[in-house]
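Listed in order, the protein sequences are those of chains S and E. To convert, note that position 40 of the first sequence is 40 in our numbering; the numbers rise steadily by one, no gaps. To convert a position in the second sequence, counted from 1, into our numbering, add 111.
Treat each hint with caution, since some may be false.
Unchecked claim - Pair ranges (Cβ atoms, derived): (1) E/Lys164 x S/Pro111: 45 to 53 Å; (2) E/Glu180 x S/Leu46: 25 to 33 Å; (3) S/Gln9 x E/Tyr121: 20 to 28 Å; (4) S/Pro82 x E/Phe131: 33 to 41 Å; (5) S/Met78 x E/Lys168: 37 to 45 Å; (6) E/Glu180 x S/Gln14: 29 to 37 Å; (7) S/Lys68 x E/Thr197: 18 to 26 Å; (8) S/Glu56 x E/Arg184: 38 to 46 Å; (9) S/Asn22 x E/Asp149: 18 to 26 Å; (10) E/Ile171 x S/Asn22: 19 to 27 Å.
Said to hold, decoys possible - Pairs of lysine-lysine residues, derived as BS3-like cross-links and limited to a Cα-Cα distance of at most 27 Å, are as follows: (11) E/Lys181 x S/Lys71; (12) E/Lys114 x S/Lys42; (13) S/Lys42 x S/Lys68; (14) E/Lys114 x E/Lys168; (15) E/Lys114 x E/Lys166; (16) E/Lys129 x E/Lys181; (17) S/Lys15 x S/Lys58; (18) S/Lys57 x E/Lys164; (19) S/Lys42 x E/Lys182; (20) S/Lys42 x S/Lys57; (21) S/Lys57 x S/Lys71; (22) E/Lys166 x S/Lys57; (23) E/Lys129 x E/Lys168; (24) E/Lys168 x S/Lys57; (25) S/Lys58 x S/Lys5; (26) E/Lys164 x E/Lys182; (27) E/Lys129 x E/Lys164; (28) S/Lys15 x S/Lys71; (29) S/Lys42 x E/Lys181; (30) E/Lys168 x S/Lys5; (31) E/Lys114 x E/Lys182; (32) S/Lys68 x S/Lys15; (33) E/Lys181 x E/Lys114; (34) E/Lys181 x E/Lys164.
It should be emphasised that the hints constitute simulated quantities derived from the structure, not laboratory data. No residue lacks a Cβ here, since even glycine has one placed at the ideal position from N, Cα and C.
As a plain string of letters, each chain reads:
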Amino acid sequence: QQQVKQSPQSLIVQKGGISIINCAYENTAFDYFPWYQQFPGKGPALLIAIRPDVSEKKEGRFTISFNKSAKQFSLHIMDSQPGDSATYFCAARGTGNQFYFGTGTSLTVIP
Amino acid sequence: DVKVTQSSRYLVKRTGEKVFLECVQDMDHENMFWYRQDPGLGLRLIYFSYDVKMKEKGDIPEGYSVSREKKERFSLILESASTNQTSMYLCASSFGSRHTEAFFGQGTRLTVV
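Given these sequences and hints, build the entire structure.
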């Protein structure tokens, strides 16, 4: 079954708006939560990541919010730009050193 | 910069053929992974390897095998290709026992007809 649940599957946002993608997990052994960004024709690349002892991490326009008790985390993209149009994957690292990925969110930012 | 190179961008094979997907990384990473990417299903782990000649099954290993004879090279083998193995295949590598970043190749779009 899907270890990390991600929503929405697709998202359309106006330029300058806020994009929000949500993920949830059940396994409390997960200890590291990265987000990957994938442009068409490319492999995913690490965007930003957070450890579960921190509730928020911000890098430029990208922020991860982490709620350990609810076992949820989300990616917020402030001032969304057309260049942010991509597929975003949340992930979680398990004890076996594997990353479990969400199903992906296709983000389109319209000018 | 880390470079993970997959041998083919696009591949078309016939049902029943044995298919080899090759992946090479240039950063001396211990860990290497093979994922398949399908719409609505995300990235699913097929096999991974923490060292030369060692392999571990991921979530969907059926119909696949792997080979890692050298540290920099990790091959995915489809023993007898079937149409339900039509997919995007992604190779990744990472460093260390508690790695924090996986570096991906550009992917191989495999079509089985």
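Here's how the hints hold up against the structure:
no.: 1; hint: E/Lys164 x S/Pro111: 45 to 53 Å; in the structure: holds (52 Å)
no.: 2; hint: E/Glu180 x S/Leu46: 25 to 33 Å; in the structure: holds (28 Å)
no.: 3; hint: S/Gln9 x E/Tyr121: 20 to 28 Å; in the structure: holds (25 Å)
no.: 4; hint: S/Pro82 x E/Phe131: 33 to 41 Å; in the structure: holds (39 Å)
no.: 5; hint: S/Met78 x E/Lys168: 37 to 45 Å; in the structure: holds (40 Å)
no.: 6; hint: E/Glu180 x S/Gln14: 29 to 37 Å; in the structure: violated (52 Å)
no.: 7; hint: S/Lys68 x E/Thr197: 18 to 26 Å; in the structure: violated (39 Å)
no.: 8; hint: S/Glu56 x E/Arg184: 38 to 46 Å; in the structure: holds (40 Å)
no.: 9; hint: S/Asn22 x E/Asp149: 18 to 26 Å; in the structure: holds (21 Å)
no.: 10; hint: E/Ile171 x S/Asn22: 19 to 27 Å; in the structure: holds (25 Å)
no.: 11; hint: E/Lys181 x S/Lys71; in the structure: violated (39 Å)
no.: 12; hint: E/Lys114 x S/Lys42; in the structure: holds (13 Å)
no.: 13; hint: S/Lys42 x S/Lys68; in the structure: violated (32 Å)
no.: 14; hint: E/Lys114 x E/Lys168; in the structure: holds (24 Å)
no.: 15; hint: E/Lys114 x E/Lys166; in the structure: holds (22 Å)
no.: 16; hint: E/Lys129 x E/Lys181; in the structure: holds (21 Å)
no.: 17; hint: S/Lys15 x S/Lys58; in the structure: holds (20 Å)
no.: 18; hint: S/Lys57 x E/Lys164; in the structure: violated (38 Å)
no.: 19; hint: S/Lys42 x E/Lys182; in the structure: holds (24 Å)
no.: 20; hint: S/Lys42 x S/Lys57; in the structure: holds (26 Å)
no.: 21; hint: S/Lys57 x S/Lys71; in the structure: holds (16 Å)
no.: 22; hint: E/Lys166 x S/Lys57; in the structure: violated (34 Å)
no.: 23; hint: E/Lys129 x E/Lys168; in the structure: holds (19 Å)
no.: 24; hint: E/Lys168 x S/Lys57; in the structure: violated (33 Å)
no.: 25; hint: S/Lys58 x S/Lys5; in the structure: holds (22 Å)
no.: 26; hint: E/Lys164 x E/Lys182; in the structure: holds (9 Å)
no.: 27; hint: E/Lys129 x E/Lys164; in the structure: holds (21 Å)
no.: 28; hint: S/Lys15 x S/Lys71; in the structure: violated (30 Å)
no.: 29; hint: S/Lys42 x E/Lys181; in the structure: holds (25 Å)
no.: 30; hint: E/Lys168 x S/Lys5; in the structure: holds (22 Å)
no.: 31; hint: E/Lys114 x E/Lys182; in the structure: holds (14 Å)
no.: 32; hint: S/Lys68 x S/Lys15; in the structure: violated (31 Å)
no.: 33; hint: E/Lys181 x E/Lys114; in the structure: holds (16 Å)
no.: 34; hint: E/Lys181 x E/Lys164; in the structure: holds (8 Å)
The earlier numbered hints that this structure contradicts are 6, 7, 11, 13, 18, 22, 24, 28, 32.
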